[in-house]
Amino acid sequence: MTAAVPLEAVLVVAGALFCIGLFGALSRRNLVGVLMGIELMLNAVNINLVAFWRYLEPRFISGQTFAIFIICVAAAEAAVGLAMVIAIYRNWLTVNADAVDSLRG
Amino acid sequence: MATVIQIIFGLIAALIVGAAVMVVTVRNVIHAALWLIACFFGVGALYLLLEAEFLAVVQVLVYVGAISILILFAIMLTRQVTGEGVRQLVGGWRLWLTAAISALLFAVAIVPTVISHSWNVPAPPAPPGTPEPLAGVAELGRAFVYEFLLQFQVAGVLLTVALIGAIVIAFEERARRRRVLTLAEEHELRKRLAHPPPVEAPAGEPAPAPRATPISEGEVQQ
Amino acid sequence: MYDIVNGLINTTFGWNWPGWVIALISHLLVTTLLFAIAPFQMLFLTYYERRAIARMQDRIGPNRVGPAGLLQPIADGVKMFTKEDIVPAAADRWVHFLAPCVVVAPTMLMFAVLPWGPGMVPVDLNVGLLFFFAISSISAVGLLMAGLASSNKFALLGAMRAVAQMVSYEIPAVLSLLAVVMLTGTLSIVQLIEAQAGLFISSADVPGVPDLGLGWFIFTPVGLLAFIVFFIAALAEGERTPFDIPEADSEIVAGYMTEYSGMKFGLFYLAQYVLNFLLCAIAAVIFFGGWQGPGVGWLYDRAISPANPDGNWVFNLLAGFLGVFYLLAKTYAFFFVMVWLRGAFPRLRVDQLMDFGWKFLIPLTLVNIVSAAIWVALLRWGPEQGITFTQNWTPILRWGVAFAVTLAVNIVAYIALARIFAASQAEQGRIDLDEYRDTLTATLR
Amino acid sequence: MTVKIERGQIVTVERGKRTARRLPGMGLLDGMAVVWKHWAGSFRKNQGFNDIHGVFTYEYPEERPKLPEAYRNMPILLYDDETSHELCTSCFQCERICPPQVIHMTQAKDPATGKPVPAVAEFVIEYDACMSCGFCAEVCPFDAIKMDHEFELSTADHQKLTVFKEQLNRPISYYERIAPTMWAEVRDGAMKKLQGNIKRRPDVIGMAPNLAEKIAARRRELEAAAAAATAPAAPAAAPAEGRKLTPEEKAAKLAAIKAANAAKKAGDTVEPPVAPAGAAPADEKAARLAAIRAKNAARKGEAPDAPPVVAGEPAGEAPPADEKAARLAAIRAKNAARKAAEGSDGAPVEANVAATEPAAAPPAAGAATSAAEAATAPADEKAARLAAIRAKNAARKAAGGGSDAAAPTTTGNVDSGGPGASDDAALS
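Residue numbers (our numbering), protein chains in the order written: chain A, 1 to 105; chain G, 1 to 222; chain P, 1 to 445; chain W, 1 to 428.
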């Protein structure tokens, strides 16, 4: 793997994934869609970490450890975020991010 | 062998990027969630290609088995927005602005940086074909309980707090819930109604406040 | 399989094919074999279940098609495949089409790490156990797809129930296996089986125990409790009675399968029975030694293996047959227990199911992990880990003390948790009753 | 575990006291133990009502359950094996009580008089709507309708579920086989009532229509016997134009027709019987004479130990009207014929008993019927006398046909009956 595919290729894929996730998080109106975009971004970061681990220092485990921490954070974020989506839906009967604007002056 | 790996990498990269594009563009949120699962799979396959087996399995277990399920569940619980006719993306200049930001970030910031930077990749082992010494699952476990013990515990606390927080946020007031009594419970209730227990509450206690009704859709429209 | 194919082609015929061709051939062979075995298991299990449940209900069961009704599943299959494939007009066509595939594929993948006999495992992953459960959680996605794509409220309800149940019960299942993983210190299924040699005491725990292939984890308190929890969780994962809530046909027609017919329905059916088989098999592998049994180890010592290259292939064959026999006997025995439970118990309610999983099984497995830690500390650890008082104990004494302590911990935890659970359930009912009294009083009058 | 179960007994199953402080989850094991017992006990057959274990399944097409006697599925009609007379008298009780109203019947009428006879002409049950309540069988005063044990009634043809008398009829022996004790309880009364009813049934009325050969045999003989009488009977049956004829012309015509018929029937070597040229002196006298002759002839044929019931009847009584006399003669002739038929059972050739009985009895009945038909013509003493003679001959022939096939030929003037009877004898 390391011989066949250069590190840059993996990083470019991860960068593309990150940008697509960013676009999704910014442009989706649906709160669930926003969360999906954020998950894509976290995955891109994970790919980066694993690629760095594999290419740069395969004898040490830090990269994978970081990736697992990020998975933890992603899981927590998804749980809390979706709980919020459900709570919002229950109170506003919509999951449109633009509609939830009661704090606007 | 190198060509095979390159082909596989290309396929996986295409799957990841293509699925991600579908995630952010399809109208149906359910389809978006399914494309998201495909994307997660691609990422898991990439981990396998990078020889991080444990992480690949964890990716499948956590992302495919849990997070995507959670997302689908949330979609189901907020089901009225999944219709095809609903506009899913922000409109007008905002859409173009976000697209431009993302594209510029990718084209101007990420790609040149990644390409131009000289990565300090260590030389492969002397005779090609000998297995590289790779850190495995055992090292991972050891790292968690020696090197990263504090972080590990913080992550555990984070997960616990997230669990509790999610429950608290999504918890529905008991009084709002509807529940059908079983026959046994109804029987018990009838018995109690026939023989009411002595009332202990003082007579002057004010009546409980009426339950908060959820805001109806009409109010939201205004 | 790689070794056998390699020996046949390169040594016997002397063709000197490259390694990847041999790997491809051997993997294709194994895959073909497994894809032939899986539907056969499904066919046999449906027949087996129907016969067994019929006997429990004082009936005979299918006995018309073929000798003793053995061809009944084939007749059913022919019927199923000749039925019309109906897609509802309101359905999401592609998702509706993909859902059965997404359900079936993971169950087939799960065969990849299941060892059938000594040296007979398709892939020996070092994270095999985790792989098994990670893959099994994918089928939940397929169920959700089926439910969402059908545009049917029963399908949707069934899918939600199925997924909630599978996600909830994955946790006790994995946690209970975690206790066993702690005992052995490995996630590889092959090594888990090899750790179960011995005679009621694993020879890994006490050296010098005669190896009859009976050092199963079920004979330790930790393994026993883990097995009970795992089996209950497996019932829920495989949607077996009393946890067959997702396809409760008296409530929601057929759950997520409601809008499926013909071959697609058959695929769901296939996935379900193959999953049941795999869950029984993995229970047999992890707690009952898999192919371990009297004679297999002795035979395999004389066979061709990586450790013993100049063995006799006859012993390979004999050890393989005996090992597969032991594994299948244990698996079918567990499936019989599943059928037995189906004959004995009624279906749970959804809230009962969730309460039982989250409030009873998960705490129990957590306690079990603590006793697994005690077991490991007493048996394995020495002064370098800070355990000094077991320094001068003989292995059998260590084992005995560990057994007594973990047994006590598990029994006390079980009784206490059961009491607490029962009390909380009663309290819950009482609170509900009080809260709804006003509204119901109005309704009843 | 066996629970003693008897009819009408309420069984109380003790559930056992809950043991107070057990390990949690043990109740589940108790439940599983119950199922295990059933599974372990299922490798043998169930032993009966007091056994709650064992396989209860009957492997149906091969293995048929022994149905209890009181099992009821669909109603059937019974007929007597010996006389082949139906027990049903069309009293309409079942039709009235039937809750889904699926029983329909018409009462048989005497063709001679148009008066109802205690027999059923047609009986229809709509099996498709029948609810198998068994009320019809309960209410039947003659035990003619009973509930069958046959349950394989499924058919692709809906029309087949409207069942007529031919398909409803079952011999008593069939019912006796499926419900022996229940039949034994009612047998004597039912048979007694049947005997009484048979006496009131003229001709073949009341015989089971599905016994075609019996009826056919009887009818053949009857027709053979009636051949002689058709000549007087046929014009008599058309009295509208015959009324204007003078007696002489009538007699001549009759003779001619009769001769023609006889020639047609008998074919060769049969000389037409000579019709009496002169009118009979007194109608009633002639009728009585004919009756007595018939009676005598019958008695000749019958077994010596048979009680002369018919002979004891007031033969000397003089009926005032012609028709009455004729009818009386016909009835007597019929009775005599039956006697003769019964007597022929005791005929010397034992092996032929079963065969001769169907051969002899129906023709006798047929003769009586045709005699009665002939007697419907009023004010025709000649015809009446002829009928009586014919009846006598038929009766004699019937008696003779039973024991001796050659007997009819010796009687001379009614040769036309010969071929039929001897055919029957030859067949038998």
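Some clues are possibly wrong.
[Said to hold, decoys possible] Stretches of chain P that chain G covers, calculated by requiring three or more beta carbons in the stretch to come under 8 Å of a beta carbon on chain G:
hint, region
1, 112–124
2, 136–145
[Unchecked claim] Computed from the model, here is a short list of chain G residues facing chain A with C-beta under 8 Å:
hint, residue
3, L11
4, L15
5, V23
6, A38
7, L46
8, N120
9, F148
10, L149
11, L150
12, A162
[Stated by the list, open to error] To spell it out: a stretch of chain W is covered by chain P in this simulated footprint if at least three of its residues, at any positions, have a beta carbon under 8 Å from a beta carbon of chain P; those stretches are:
hint, region
13, 28–35
14, 56–64
Worth flagging that the hints you see were computed from the coordinates, not collected in a lab.
For glycine and all other residues, C-beta sits at the position ideal for the given N, C-alpha and C.
Evaluation of the provided hints:
no., hint, verdict
1, 112–124, "violated (count 0)"
2, 136–145, "holds (count 6)"
3, L11, "12 Å, violated"
4, L15, "10 Å, violated"
5, V23, "6 Å, holds"
6, A38, "12 Å, violated"
7, L46, "6 Å, holds"
8, N120, "7 Å, holds"
9, F148, "5 Å, holds"
10, L149, "11 Å, violated"
11, L150, "12 Å, violated"
12, A162, "3 Å, holds"
13, 28–35, "holds (count 5)"
14, 56–64, "holds (count 3)"
The structure does not agree with the numbered hints 1, 3, 4, 6, 10, 11 stated previously, though it agrees with the rest.
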